[in-house]
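Trainee: Residue numbers (our numbering): 1 to 342.
Don't read these hints as lab results, they were simulated from the structure. Just so you know, not all the hints are guaranteed correct.
[To be verified] Straight-line C-alpha distance at most 27 Å; calculated DSSO-like pairs for lysine-lysine:
id: 1; residue 1: Lys243; residue 2: Lys64
id: 2; residue 1: Lys282; residue 2: Lys218
id: 3; residue 1: Lys25; residue 2: Lys186
id: 4; residue 1: Lys170; residue 2: Lys218
id: 5; residue 1: Lys186; residue 2: Lys170
id: 6; residue 1: Lys25; residue 2: Lys170
id: 7; residue 1: Lys112; residue 2: Lys36
id: 8; residue 1: Lys190; residue 2: Lys61
id: 9; residue 1: Lys282; residue 2: Lys186
id: 10; residue 1: Lys243; residue 2: Lys61
id: 11; residue 1: Lys218; residue 2: Lys273
id: 12; residue 1: Lys312; residue 2: Lys282
id: 13; residue 1: Lys25; residue 2: Lys61
id: 14; residue 1: Lys36; residue 2: Lys116
id: 15; residue 1: Lys257; residue 2: Lys243
id: 16; residue 1: Lys257; residue 2: Lys36
[Said to hold, decoys possible] Each pair of labels, with its calculated beta carbon distance range:
id: 17; residue 1: Asp311; residue 2: Glu256; range: 41 to 51 Å
id: 18; residue 1: Phe42; residue 2: Pro235; range: 34 to 44 Å
id: 19; residue 1: Ile198; residue 2: Thr297; range: 13 to 23 Å
id: 20; residue 1: Pro323; residue 2: Arg22; range: 43 to 53 Å
id: 21; residue 1: Ser135; residue 2: Lys110; range: 18 to 28 Å
This one's a predicted model, so the numbers in the text were calculated from it and none came from an experiment. Virtual Cβ for every residue (Gly too), placed ideally from N, Cα, C.
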Amino acid sequence: MSDFKLPLISPLVGSTWPTYCRVLKGNTVRPKHYIKVVFSGFLLSICSAFHWIDRLSFRNKVNKFVFEEPPLFIIGHWRSGTTYLHNILTQDPVSGYSTTYHSVFPNNLKSKLVFKTFMRIFMPRKRPGDGMLMSVNLPQEDEYALSNITHQSYYHFFYFPSSYRTLYSKYIRFESLSEKEIVDWKLEYKRFVIKALINSGGNRAILKNPVNTGRMLKLLEIFPGANFIYIVRNPVIVYLSTKKFFEQWFPLLNLEKFPLEGISELILEVYVKLMEDYLYDKESLNSNRITEVRFETLLQNPLEEVRRIYDKFGFARFQELKPVFQEYLDTIDSFESDAYIM
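Turn these sequences into a full structure, and let the hints steer you where they fit.
Mentor: What follows is the structure, encoded as C-alpha cells:
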C-alpha cells in the first residue's frame, strides 16, 4: 500500500456539482489541498457534461422498474470480511450489484467507455492489505456510489474526518434531518439499486455496505422484503486492520488537517455506536430476514456457509451453482490477512 499513490484528484470527480459544493461547504480545506480541490472541480466539469446521457437513458427504466426479488444486504464493520463474502455470493448469475466503476462514477454509466479507461490507469490490481483482486467490473461497496450521488453520505468523513460524529448522527441514525431530507435519501438509494440491477443485468441485488449495519430499519422502509447477512470477526483484529486501513487512506483522501492520532478514537467510538445500532435494529427484525456469519468460519469452509445462507433465505440452485462458487474460490489467492503483534 505504501507504494500506491492516488493522482492529484479526489474521488469526488464522479459526483455532481451540488454534491461537491455541499461536501466542501462548512469545512476547512487545508491550503496544501487547494490544487486538488480546483483540479478535481475541473475534471468534475468534464464528467458533468456527460450526466445528461444517464438521465435520459435511465429515467423511464427506473420509473417503470419492478423488483423481481428483494435485495440482500451484506453488513458488518469494516475489515470484517464483507468483500470476501460479497465476491463469492455475486458469482450467482442472478445477482446484481454495483461495480467498482459504478461506485466511483454513478452518474456516468452510459459514458463508461471514456471514464473506465481513466480508472484502469490509476487503479491497483490488488486491494492493499488483503490482496483481494480489484477491477472496474468487480462488485464494490455501494456507499462509495451514494457519496457521489448525494451529500447525504457518511463516507464524506474520508474527506473531512473531523466531521465523523455529525455525519454518523445524520446519515446512519438520521437524527436532525427533516422528513424531506429522509425521503430524498430513500429515493436516491432506491434509484441507485435499480440502476445497479439494470447495469449488471441481475435480478437479486446483493449489496455490501458496512454503513448499513446501523440502518437496517431504514432500508426496510425502502425495501420491505430485504434480507441481511451480518458478518462478524474478532473485534481486536477488526480494530487493528481498520486502523491500518485508515492510516493508509486518510492522507490520500482527506482534505483537512486531521492528526493520525485521532484515528483510534474515531474507530472505537464508531464501532461501539455501530454495534449498538445494529443490535437495536435487529430486535425489530423478523428472524427469517437475517443471518449471522463468522468470518473465521467462512474462511475455513466457504461453501458450507454459502449453502447455509441459501437455505436460510430460500435461494434456489445451490447444488447446481456449487461448482461455480468453487471455481471462483480456486482462482483467488489465499486471503492475505496481516499478522498483528499484541
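Trainee: Run every hint past the structure and note whether it holds.
Mentor: Outcome of the hint check:
Between Lys243 and Lys64 the CA atoms are separated by roughly 43 Å; this puts the pair beyond 27 Å, and the hint is violated. Of the supplied pair hints, the one linking Lys282 and Lys218 holds, its CA atoms being roughly 12 Å apart against a limit of 27 Å. About 23 Å separates the Cα atoms of Lys25 and Lys186, which keeps this hinted pair within 27 Å; it holds. In summary, the hint linking Lys170 to Lys218 is supported, as the alpha carbons are separated by about 13 Å, within the 27 Å threshold.
Simply put, Lys186 and Lys170 have alpha-carbon atoms about 14 Å apart, close enough for the 27 Å limit, and the pair holds. A distance of roughly 16 Å separates the Cα atoms of Lys25 and Lys170; the hinted pair therefore holds under the 27 Å criterion. Restraint check for Lys112 and Lys36: the C-alpha separation of about 23 Å stays at or below 27 Å, so the hint holds. A C-alpha spacing of about 13 Å is found between Lys190 and Lys61, which places the hinted pair at or below 27 Å, so the restraint holds.
The straight-line distance between the Cα atoms of Lys282 and Lys186 is roughly 20 Å, inside the 27 Å bound, and the hint therefore holds. In summary, the hint linking Lys243 to Lys61 is not supported, as the alpha carbons are separated by about 41 Å, beyond the 27 Å threshold. Among the hinted pairs, Lys218 with Lys273 is consistent with the structure: their alpha-carbon atoms are about 16 Å apart, no more than 27 Å. A distance of roughly 16 Å separates the Cα atoms of Lys312 and Lys282; the hinted pair therefore holds under the 27 Å criterion.
At roughly 33 Å between alpha-carbon atoms, Lys25 and Lys61 are farther apart than 27 Å, so this suggested pair is violated. For a cut-off of 27 Å, the pair hint linking Lys36 to Lys116 stands: about 21 Å separates their Cα positions. The hinted pair formed by Lys257 and Lys243 meets the criterion: a straight-line CA distance of about 18 Å does not exceed 27 Å. For the hint pairing Lys257 with Lys36, the CA-to-CA distance comes to about 14 Å; that is within 27 Å, so the pair holds.
Checked against the given bound of 41 to 51 Å, the beta carbons of Asp311 and Glu256, roughly 48 Å apart, stay inside it. The beta-carbon spacing between Phe42 and Pro235, approximately 43 Å, falls within the hinted interval of 34 to 44 Å. Distance hint check: the CB atoms of Ile198 and Thr297 are about 35 Å apart, inconsistent with the given range 13 to 23 Å. Checked against the given bound of 43 to 53 Å, the beta carbons of Pro323 and Arg22, roughly 48 Å apart, stay inside it.
With their beta carbons about 20 Å apart, Ser135 and Lys110 fall inside the hinted range of 18 to 28 Å.
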